[in-house]
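Novice: Residues in the sequence shown are numbered consecutively from 1005, following this note's numbering.
Simulated from the structure, these hints should not be mistaken for lab results.
It should be emphasised that the depicted structure is a prediction, and the values quoted were computed from it without experimental measurement.
Check each hint, because a few of them may be wrong.
[As the list claims (entries may be wrong)] Simulated pairs of lysine-lysine, BS3-like, Cα-Cα distance not exceeding 30 angstroms:
(1) LYS1176 with LYS1141
(2) LYS1242 with LYS1006
(3) LYS1016 with LYS1044
(4) LYS1167 with LYS1139
(5) LYS1034 with LYS1355
(6) LYS1034 with LYS1276
(7) LYS1141 with LYS1178
(8) LYS1202 with LYS1283
(9) LYS1276 with LYS1141
(10) LYS1239 with LYS1006
(11) LYS1006 with LYS1023
(12) LYS1044 with LYS1006
(13) LYS1202 with LYS1276
(14) LYS1242 with LYS1202
(15) LYS1014 with LYS1362
(16) LYS1242 with LYS1014
(17) LYS1362 with LYS1034
(18) LYS1117 with LYS1167
(19) LYS1283 with LYS1044
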Amino acid sequence: MKLPFAESWKIKMVEPIRKSTREEREQWLKEAHYNVFQLKSEQVYIDLLTDSGTGAMSDRQWAAMMLGDESYAGATSFYRFEHMVQTIFGMPYVIPTHQGRAAENVLFSLLVKEGHVVPGNAHFDTTKGHIEARKAKAIDVTCDEAHNTQLEVPFKGNVSLEKLEQVLDENKGKVPFMVLTVTNNTVGGQPVSMANIKATCRLCHRYGVPVVMDSARFAENAYFIKTREEGYADKTIKEIALEMFAEADAATMSAKKDAVVNMGGFIATRHKEWYDGAKGFCIPFEGYVTYGGLNGRDLNAIAQGLDENTEFDMLDTRIQQVRHLAARLDEYGIPYQRPAGGHAIFVDADKVLTHVPKEEFPAQTLTCELYLEAGVRACEIGYMLADRDPVTRENRFGGLDLLRLAIPRRVYTNNHMDVIAAALKNVYDRREQVTRGVAIEWEAPLMRHFTVQLKRL
């Protein structure tokens, strides 16, 4: 008899969570202006807002934190961290930052100027925000298959080489770099194949354009290459990761994802001139270049987490849980971005709340309905997150409108996944009754979804 799947870790410590009543949740959501970012954590039963910084660190990571060197400059913790990044990413120059968006801020401050054009496979919100805040333009060059949520394609995060070449050809001299995101969060946590990574780098380099890899979930991407792409089944995750970055010019990373820490990030590059230039922004923005806004204990935890989470069993456990949730949604007929990605399930809100017009933000409405149903906090990755066009100030409705169920690493059990699925089923069963959505009462000019205030219609 084949043994059933089980986690590659055991539980050592637990944290209590509280269930609430629907009446309580209705009041809390109203006070939060129907923006779940504004809820207090104790008002949430199962928190799927993000997988960023919400994972459970290992015993070895906690042990490493006790050995943190808190020297302002030249701490031993930095050199341990630097060595691990160099080993996994194959890039010699490393700058720590306090998180991924800080890494973007430092590097983009050096490289992005007004009038520039930055292509990418569906830039995530902070990436696009850092580009547009500098009066540059972000252009999506993701493959067309990504926009059909029900299509089963193994590497939906891929770059369309035709779209990319058109951007490069039409904007010669105006493209400082291309952003290659692995995995592609905005279109559903979908991976990018090794063949596409290499082809993208080579195409960009033919035009003299560098490639910066947004690497928050690079280890999950390597897992999918190992399990889905021919020729990689016998390679280790670390071997695949090294090959993924071999032709890239730089990487930014939010270590809060695949390094499984609560805070941290970094820039890695093979260009000394980029390193020297970025140091000038790191010091005023983040701190000295050997701590970059982090404690020595954080640097130790990142180094240990990168080592552990580039092992197959740990990734397999994590991604099997995502698949478990996907299987439950399949049972209930709930549409999501297929196939299931590495860190989350992305429910296709346009296919669930079919009576809610796009102008009333179906995915944001579905986010509210799920919270009201069971106290499950998810995140809208859709029309609200897309912000307004910086020139016309019109809402951008061209992409997908998704409800992201981002699963923290090593935090919840499959019983929690079953609760989430059942709650979504209850909402799905009464979807015909949800005919109106939400309207914006106040919004920030950039990255509005974090602080937007809404009203129910």
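Novice: Each hint: holds or not?
Specialist: Going down the list of hints, with the structure as the test:
no.: 1; hint: LYS1176 with LYS1141; in the structure: holds, 14 angstroms
no.: 2; hint: LYS1242 with LYS1006; in the structure: holds, 28 angstroms
no.: 3; hint: LYS1016 with LYS1044; in the structure: holds, 26 angstroms
no.: 4; hint: LYS1167 with LYS1139; in the structure: holds, 22 angstroms
no.: 5; hint: LYS1034 with LYS1355; in the structure: holds, 26 angstroms
no.: 6; hint: LYS1034 with LYS1276; in the structure: violated, 51 angstroms
no.: 7; hint: LYS1141 with LYS1178; in the structure: holds, 10 angstroms
no.: 8; hint: LYS1202 with LYS1283; in the structure: holds, 28 angstroms
no.: 9; hint: LYS1276 with LYS1141; in the structure: holds, 26 angstroms
no.: 10; hint: LYS1239 with LYS1006; in the structure: holds, 24 angstroms
no.: 11; hint: LYS1006 with LYS1023; in the structure: violated, 37 angstroms
no.: 12; hint: LYS1044 with LYS1006; in the structure: violated, 44 angstroms
no.: 13; hint: LYS1202 with LYS1276; in the structure: holds, 22 angstroms
no.: 14; hint: LYS1242 with LYS1202; in the structure: holds, 17 angstroms
no.: 15; hint: LYS1014 with LYS1362; in the structure: violated, 44 angstroms
no.: 16; hint: LYS1242 with LYS1014; in the structure: holds, 24 angstroms
no.: 17; hint: LYS1362 with LYS1034; in the structure: holds, 22 angstroms
no.: 18; hint: LYS1117 with LYS1167; in the structure: holds, 22 angstroms
no.: 19; hint: LYS1283 with LYS1044; in the structure: violated, 37 angstroms
This entry does not satisfy hints 6, 11, 12, 15, 19, going by the numbered hints stated previously.
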